[in-house]
Amino acid sequence: DQQVKQNSPSLSVQEGRISILNCDYTNSMFDYFLWYKKYPAEGPTFLISISSIKDKNEDGRFTVFLNKSAKHLSLHIVPSQPGDSAVYFCAASADSWGKLQFGAGTQVVVTP
Amino acid sequence: DAGITQSPRHKVTETGTPVTLRCHQTENHRYMYWYRQDPGHGLRLIHYSYGVKDTDKGEVSDGYSVSRSKTEDFLLTLESATSSQTSVYFCAISAAGNTEAFFGQGTRLTVV
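Chains X and L, in that order, are what the protein sequence lines are.
Converting from the first sequence to the working numbering requires adding 166 to each position, the first position being numbered 1.
Converting from the second sequence to the working numbering requires adding 9 to each position, the first position being numbered 1.
Chain X with its partners taken away, still in its complex shape:
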């Protein structure tokens, strides 16, 4: 039973616009959430994370929002750039180390 869900398998966005990726989880023991970006034939690379004690974390063009009561998090990319075209994975952890549960991923395509 998948405890981390990304219900949108794909997202197409114009260059310069905002990309919003969503993620839902079911396990209330998760206390740390991460986003990874993956290009074809490469390993996932860490993008941004958020602890359950926060509701927002920002790093440059990337912002992650956490709504604990709804068990929902989102990743905002502003502005979107062609190099952002990749698969984005949401992940969650109930430990203080890297044993992660992943969502199925969202393919983002940024068009000129």
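These are calculated hints, taken from the structure and not from any lab test.
Treat each hint with caution, since some may be false.
As the list claims (entries may be wrong) - Derived Cβ-Cβ restraints for the label pairs, each shown as a range: (1) X:Asn193 <-> L:Asp65: 17 to 23 Å; (2) X:Ser218 <-> L:Ala105: 19 to 25 Å; (3) L:Thr22 <-> X:Pro206: 20 to 26 Å; (4) X:Gly226 <-> L:Gly72: 37 to 43 Å; (5) X:Asp225 <-> L:Lys20: 49 to 55 Å; (6) X:Gln168 <-> L:Thr91: 44 to 50 Å; (7) X:Glu181 <-> L:Ser74: 43 to 49 Å; (8) L:Asp82 <-> X:Gln180: 42 to 48 Å; (9) L:Gly49 <-> X:His242: 23 to 29 Å.
Unchecked claim - The calculated DSS-like cross-link candidates involving lysine-lysine, where the alpha carbons are at most 25 Å apart (straight line), are: (10) L:Lys66 <-> X:Lys265; (11) X:Lys265 <-> X:Lys222; (12) L:Lys66 <-> L:Lys20; (13) X:Lys265 <-> X:Lys234; (14) X:Lys220 <-> X:Lys171; (15) X:Lys222 <-> X:Lys234; (16) L:Lys79 <-> X:Lys265; (17) X:Lys265 <-> L:Lys62; (18) L:Lys66 <-> X:Lys171.
All C-beta atoms, glycine included, are put in the ideal place defined by N, C-alpha and C.
Position chain L relative to chain X; hints supplied.
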């Protein structure tokens, strides 16, 4: 980039044969993981290690075994490969007290 090397990068093997995948790290991180990536499932944890000779099962461990005789090396063995084990395998590492895991480039395994 984190110093993680997976070998081989690609392998085709026959059903019923044993296969060993190797992960080597130069970061001296305590934790090491093996994940598999399949369409529609994201990444799923196979086995993980929290120190030399200390390993445990993940959510999809059936048919797999691991060994860690040195801090830097984590081996994943398919005792008797099956077609359902055709997948892309990723090794990851994380430091103690740190939830961010860093991934290798992956091994594409095809069982025919």
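Hint-by-hint comparison with the structure:
{"no.": "1", "hint": "X:Asn193 <-> L:Asp65: 17 to 23 Å", "result": "holds (18 Å)"}
{"no.": "2", "hint": "X:Ser218 <-> L:Ala105: 19 to 25 Å", "result": "holds (20 Å)"}
{"no.": "3", "hint": "L:Thr22 <-> X:Pro206: 20 to 26 Å", "result": "holds (23 Å)"}
{"no.": "4", "hint": "X:Gly226 <-> L:Gly72: 37 to 43 Å", "result": "holds (42 Å)"}
{"no.": "5", "hint": "X:Asp225 <-> L:Lys20: 49 to 55 Å", "result": "violated (37 Å)"}
{"no.": "6", "hint": "X:Gln168 <-> L:Thr91: 44 to 50 Å", "result": "violated (23 Å)"}
{"no.": "7", "hint": "X:Glu181 <-> L:Ser74: 43 to 49 Å", "result": "holds (47 Å)"}
{"no.": "8", "hint": "L:Asp82 <-> X:Gln180: 42 to 48 Å", "result": "holds (46 Å)"}
{"no.": "9", "hint": "L:Gly49 <-> X:His242: 23 to 29 Å", "result": "holds (25 Å)"}
{"no.": "10", "hint": "L:Lys66 <-> X:Lys265", "result": "holds (11 Å)"}
{"no.": "11", "hint": "X:Lys265 <-> X:Lys222", "result": "holds (22 Å)"}
{"no.": "12", "hint": "L:Lys66 <-> L:Lys20", "result": "holds (24 Å)"}
{"no.": "13", "hint": "X:Lys265 <-> X:Lys234", "result": "holds (20 Å)"}
{"no.": "14", "hint": "X:Lys220 <-> X:Lys171", "result": "holds (21 Å)"}
{"no.": "15", "hint": "X:Lys222 <-> X:Lys234", "result": "holds (11 Å)"}
{"no.": "16", "hint": "L:Lys79 <-> X:Lys265", "result": "holds (20 Å)"}
{"no.": "17", "hint": "X:Lys265 <-> L:Lys62", "result": "holds (17 Å)"}
{"no.": "18", "hint": "L:Lys66 <-> X:Lys171", "result": "holds (22 Å)"}
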